[in-house]
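J.: Going down the list, the sequences are from chains A and B. Take the first sequence: its position 833, counted from the start at 1, is 833 in the working numbering, and no numbers get skipped. Every number in the working numbering is 859 more than the matching position in the second sequence, counting from 1.
Keep in mind the hints are simulated off the structure, nothing from the lab. Just so you know, even glycine gets a beta-carbon here, dropped at the ideal spot from N, CA and C. Careful, some of the hints might be misleading.
Said to hold, decoys possible - Here are the simulated DSS-like pairs of lysine-lysine, each with C-alpha atoms no more than 25 Å apart in a straight line:
id, chain 1, residue 1, chain 2, residue 2
1, A, K7, B, K896
2, A, K63, B, K1042
3, A, K245, B, K896
4, B, K871, A, K5
5, A, K242, B, K1042
Unchecked claim - Only part of the chain B face toward chain A is listed, based on derived beta-carbon distances under 7 Å:
id, residue
6, D884
7, E885
8, V919
9, V1005
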Amino acid sequence: MSDEKHKVVYVAHPASGLARSNFPLECHVEDGEIVRSLPFYIPDDVRLYEIKTSRGSFTRPRKEVQMPLAFAAKRRLDAGTRVKYPLLRNDWSPDNPNPENRGKSGYSRISWDQALDIVTGQIKQIHEKYGSMEPVLVQADGHGHSGYMQSLHFWGHYLFDMIREHLGWGWWTQQVRNPDSWEGYYWGAKHVWGFDHTLGEPYQDAVWDDVLESAEMVIFSGNDPEATGLGMSGSSALEMPKWLKRAGIKIIAISPDLNYAAAVHADKWIPLKPNTDAALYFGVAHTWIAEGTYDKDYIASHTTGFDEFKSHVLGKDDGVEKTPAWAAEITGVPAHTIRALAREWAAKKTSLSVYFGGAKVRGTLSHLATRLEAYVLAMQGIGRPGRQFLRTGAPSFYKKDLAQVPRYPDVDFKGVAMNPMIEYAIGKGPISPIFVPRTLAAEAIQCSSVEWRGTTAALAKTEDQFEQYHFPPDSDHPGIRMVWNENGSQPGSWGHGWDWLEALQNPKIEFVVGVHPWLENDIPYSDLILPAQTSYEHEDLITVQRSDILAMFYQDQAVEPVGESKSDFEIHRMIGQRLGLDEAFPPVEEWLQAAYEKTLAATKHGIDWEEFKKRKYFVYDCPTWEEWVDIKKEHGYGEKDGGMHWFWKSGGGLDTPSGKIEFVSSMIAERDPDNTERPPLAKWMTHAEQQGGPKSEEYPLSVMSNHSRFRFHVQGDDVDWIREIAKVRGPDGYLYEPCWINPADAAARGIKGGDIVMVHNDRGSVLCGAVVTERIIAGAVSVDHGAKMDLATLHNRLVDRGGCINLIAPSPKEKYGEGEEIKVPEMNVSGYLAEIVKVDPAEIVASTGVGEGATVSHG
Amino acid sequence: MDNKTFLIDVDKCTGCMLCSIACKDEHVGSSYEPWSKPQPDTGQFWMNIRPLERGRIPRVRMSYLPVHCQNCENAPCITVCPEAAIKTRDDGLVWIDPVPCTGCDLCLDACPYGVIFMNDDLGIAQKCTGCAHRVDEGLEPRCVDVCPHEAITFGEVKDTSQLETYLAEAGAEPRVYWNGLPKPWIAGQVIDGDEVIEGVSVTAVDLAGDGSVGVLSDAFGDFWLMGLKQGRKYRVEIRMDGYEDFNADVVTDADQDLGTVVLKAK
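Kindly produce the complete structure, drawing on both the sequences and the hints.
T.: See below:
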C-alpha cells in the first residue's frame, strides 16, 4: 500500500505518555500530508482472550478506536500555536532578564546555533556562579504529548544526570511528580491496605473473571470509562461497562456530576456534593453496624482496629453519631437513599469501580475518601466472590502476578520495551537528593524555605510519607535560579496555577527554558523556547501497554518536521553534545533497536529489528481460556478466582505492618500519631474548602473538576474540531470552556445557558460558558481541567478567558502557616470553593493569545 | 449494486462524537469527486450528535441521536433544487453534485433534518455522501468504521417492520432506519417517611386508549415507566398493600418526573 506518494504510518496517539502508549492510529499520508487517521484493527491471526463465565463468554472487538482528539491531532501539526523555530523572549538578556515581563513580552526567532549557545552558556553560568546545578529546577515528568523515546519529556533529568556524572557539576533540583491521578489512594488508602506498588489501589489480577462470574452490582465511584477510560485505555475501556450490563450486573454511579458513562450506562445515579464521599461511606457503615449486615467474621480475621472505627461511627468518641441523616446533611444525598444503597451493597455481591479514582481523590483531605472506601470494602469482605476493587482498564503493572484479563505473564513482563528513563518520573524516589514535589514547585521558588513530608514519588513505600524533607538544602543555598520546563502543563494540570505563573516572574529566576511543540500553558513564560516535534515528525517505538492487548509498533516518520523543530531527544542530545556529552546520547536507532531486542517479539518470536521495521508491529496473542486456567492454577488461583481472592483466602500478606487491612493505621500511630490532618483512624473532619465553613459565605459553590472527554489533560484544546464540539459559544462569539451549573444555582444568579460566567475565589478568576444542566448537583459546578489559557482583563484584573480552572485551585500549603511543615503535600484540584457571576462580554479586554499579550515574530 | 443503508441504534450511542470527528478527518481538505468537494475546516457536521438531556435529578439520563442525511425516498431537497443537482444513486445514497450546484441554499431550508450546510467559499451546498467513495470500494462509511458501539451500522436491512424512521411525520420517507428513538418516560420515587419502598406497583394507564404500562419500584424506590407515547394523558396509579392509593394525571409532552411520592400508610 505504501509508495512515494501514499504511505501508511502508525503514529502514537496524543494520550500516550510516560513512554507507554495505547494502540496507535493508522495514518494515511499523501504528498507529505496526513489525509486520514483510521482505527487499528487487530489482525485475525492474533488470538484474543475470552473470559468464560456461567453468564457467558466475554471478549473485546478487533477494532481499536482512540479518543476523538487522536483523530483530530493532525490539526495540531501546523496549528497557529505551534513553535516552529527557536524563540527568544524579546526583553531577555543574560545581564538583564526582565523576569517580571515573562508572560507579557514577545518572542523573536533565533537560529539553533544561537539557541544552543544561550542555553549552554546559561548552564555554565549557573555552575560558575553557584558551584553546582542545584539551582536548576528540572520539570520533566510528563503530562504532555509523549512518545516512547523521541518526544519523551524526561530527557532534562537525564541531561543533568549526565552533566553530574561526566562533568562533575553536582546534582540538579529534581521536580518529583506526585501521584496526581491517584492522590487520595496514595495519601490515604495505602495506610489501610498498602499496595505501595500500585499507588494504593488493589491489584487487578484476573479480576474480571471474578466480577463477571459473581458480581451483582458495581459502583462507579466517579468512574468515567467514556472519558478517562477511553483516553487512557482505548476501546477496551468502552467494552467493560458493556460486559457488566450483558452479565446482568447493576451499575450504580456515585458522583456530583452525571458523567458520560453514567449518563448512558448507570441504572442509578446518586449525586453527592463534591469530595464528601467519606461522609457517604460513614452513613453506609452506620447502616451496616446498626443492622448487623457487615461481615463480622472477615473483620475479625482480616482486619485490625475495627472496634475503634465502630466506636467513632456510633459517636462514642466524639458524641456525633455518623448516621445516614448526619451524612445527608454533608453529602446532599437523602438518608433514605444512603440506607437503600447500604442495604443493596450488603445484599448484593458488590464491587467498586474506578479508572484512577475520579475527582474525589484530588481534593483537600482526599485521604479521607479513600480510607473510608477501603473501610467499607473491608466491612463487606473485599476479595470474596463478586466483591472487588475494579478498574475498568488497567496498565499492565497493576498486578500481583496476573493481568486483569487473560494474558501470558511473560508478555506482561517482557513483551513491550521498558524505557529506563521512567525512573526519573514514576519511580520509588527522586534520583537527585535535591528535589521538590511538583505540588510545591511554586513554593520552592517563592518561599525562603519549604518543609514537607514524603518525596511524593509514585512508587515510594508508605514509610516515606513520614520522612521530613526541605528545600533549599541549607540557608546559604541560592535556591532555584533556572527553570527547565519540558512539561508545559503545570498551571493547567496541577493546582494553584496563578501562583506558579507568578513564581516564573520571580526576580530570582535568571533563566527559563521551555521545550515544547506549542505555545500554551506556561510555555509563553519562558525566556527561550526550543521547538519540539510531535509524534508525526519522527520515528519511534510505540509500546502498547495501557490496553488489554499488548503490542509493539514501529513508528515511521509520517511527515517532514514543521519548521526547525527537533525531537525532545534530539534537542537534549544537541545540548549534551555542546557540553561534551556525546557518548551519553547514542543515535536514536541504536537506542530503539536495543530496547526492541529485549522484547519477546525478538527473543521468543524471532523477529529481528530489520524485519520488525518492515512488519511495523507485533501484537501478542492471548492465552486460550484453558491455558489461562492453567496459568492461574500455577499462581494459586482457581478457575473462577480473581482480584483480591488471595487475600480473602490468606487473611494476610498486605504491605501494612500487620499484613491485614488496618482501620487504625499502625504506621501512622507509630510514626506520626499527633498529625491532626491525618490521624491513625480516618475520622470525619472539616476543612476550609468545605461548604458550611466561614469561607463558603463568600464562595458558596463547590468546584469539581474531571479529566476532559475531549482533551488529554492540557493537550488538544487548540484544535478547531475539538473546540467547536467541546466549548460553549458566548454571545461575543468566543468559545468558552463549559461550566456545568444546576438550574437552581443558575436561577439564583440570573444565569442562563450560554452566558459568560466568571468562576472566582481568593486565588483569582477564570471565565467560562454556562451550561445549565440537571447533570450536576445543586451547590456544585463542574469545569474540566486543562483548558488552554488565554489571559484577558476584566475590571482591570487579570482573568483567564480560556477557563483554565486549576489556576484557582488551592495550594497544599494553604492549610499551614508560613514556614510550617506541610504534613501532607497533596494535590488539590477538585472540591474547593468559588462563586460564579454573570459577565458582560463588553467588559472583557482580550489579549493577543500568548501569555498576557506577547506576540511572536518569525521575521 | 447492494442496496445498503444506515441503521442507527440510539440505545447503543454514548455520544462520544467519534463519528463527527472521523467525518471531518475524511472530508476536511479532501475531495472525492464526483461525490464531494472538501468540507470546510469547521462549521459543518455531516454527521452530528444531537444530545437530549432527560429527566430531573437524580433520575437523569442522556440520549444521543447521531443525525446525518436520511437518504430520503421523497427527498424535499431534491424536489426543491432548481438545478437538479441533488440526485439519488442506484444504491439509494442521496448526493449533491457539486458541479451543477449553485449554492442557492433552498435545500438547506427544505431539509427536515437540518443536515445540509452552505460552503460559502466554494459557493455550494454540502452534506453527507454516505462516504460514497468508500462504499464504492467496498469499505464502510467513516462514521460506521469508527463507531465503537455499533450504534451506526451500514448494511442490508431486510426486515424494517420493527424499525422506525426519524421525524417520519415530515413525510420525506427516509431510508435510514432507527432503533430506540426516545419515547417519553414517567419516573419518580416512592417513600414512606424516611425509607424508600421497593416493590410498589406503578402503572400508567393511557387515558386515550386501552393500553397501560406497569413497573415495580426498585431497591431505591425509583420507578421508570419507559417507552410511553408522546403527548398522551396517562393516569399514574401507585399501589402498595397497606398504603393508600396514589393517583396522578400526567401528560407526556416530555419526560415527566413525579419527584418523591410519599405514600400514606392506611
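J.: Now tell me if each hint is right for this structure.
T.: These are the hints, each one checked on the structure:
no.	hint	result
1	K7(A) - K896(B)	holds, 23 Å
2	K63(A) - K1042(B)	violated, 32 Å
3	K245(A) - K896(B)	violated, 42 Å
4	K871(B) - K5(A)	violated, 39 Å
5	K242(A) - K1042(B)	holds, 23 Å
6	D884	holds, 5 Å
7	E885	holds, 6 Å
8	V919	holds, 5 Å
9	V1005	holds, 6 Å
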